[in-house]
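If you read the protein sequences in the order shown, they are chains A and B.
Sequential numbering of the first sequence, starting at 0, is according to numbering that gives the first Met the number 0.
Sequential numbering of the second sequence, starting at 0, is according to numbering that gives the first Met the number 0.
Hints should not be assumed to be uniformly reliable.
To be verified - In silico BS3-like pairs for lysine-lysine, Cα to Cα no more than 27 Å straight-line: (1) A/K56 - B/K123; (2) A/K114 - B/K138; (3) A/K114 - B/K44; (4) B/K123 - A/K116; (5) B/K12 - A/K114; (6) A/K46 - A/K79.
In short, the hints are calculated from the structure, not lab data.
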Amino acid sequence: MYILNLMVQYQSAPLDASFAALSDATRRGVLEQLGRADASITDLAEKFHMTLTGMKKHVGVLEQAGLVATEKVGRVRTCKLGRYRLEAETAWIERHRQLWASRFDELDNVVEELKQKEKVDGRKKRK
Amino acid sequence: MDAKRESEPTPVKNPTTTERTSDRELVVTRTFNGPPHIVFEAWTKPELLRRWWTPKSCGMDMISCEADVRVGGTYRFVFRHDAFPEPMAFFGRYLEVIPHSRLVWTNEEGGDGGQVTTVTFEEKAGKTLLVMHDLYPSKEALDAAIASGSTSGMDETFEQLDEFLVTRGTSVR
């Protein structure tokens, strides 16, 4: 399914900020983690064996791309998946549709050819 | 196999629809202007599959296409993209094969968390209504797939992507 994702990605040419944000293994890990549960920057820094400053930078990149939203409650900054998520889902599903639509347009040609072949073969058999 | 293009009618493309039908499911539907046994054949003969699986617009070349379409049989589609140094593969195994009507297979290239795909071919007045149903093991697995594959197991592919981004350079911040 990951490769499918790549194919789906390439359906739409421009690689945007969110894609660049995803090009880092730690940031992908953070997203995966936040997919399971919200977490503070301190939690995330511990989990990924990083300094608080380092983690803040990563979260900043994700936040700019709309992939993560943060909220400060008291002294704790909590991170969760961002609003981008829903838009991303709609966009992904559309790209998925486009990939299959272009496959199926090619498949139409194969189906047409097989139909013709069957017609010709059928005629031959009747003779 | 000779393509007999001259008799090809002007194609009016049938629409393809895609919908997330539940937390774990994605459904794609399409009608084909031919009977199920023909559409089924195009999904089950490797030499036919390879003609449509990697449309030009996705920028990939299929290098090899193996499909042993019977229960327990495996498939492996290998292809390359200019952006990646190594070829990549889709692979898995067929769980159900009912001629002209139903195919079920696993998608194992991503390790655990891969979806199970069911394709049904239903006759509708000489045409085929095709429904492709992807069932993910959990909501999280589908969410992860949608989050542009940003999960573990993606690392290897993403490393290649990283290289691509580096070589591509400036256009990406």
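Outcome of the hint check:
no., hint, result
1, A/K56 - B/K123, "56 Å, violated"
2, A/K114 - B/K138, "40 Å, violated"
3, A/K114 - B/K44, "15 Å, holds"
4, B/K123 - A/K116, "21 Å, holds"
5, B/K12 - A/K114, "17 Å, holds"
6, A/K46 - A/K79, "15 Å, holds"
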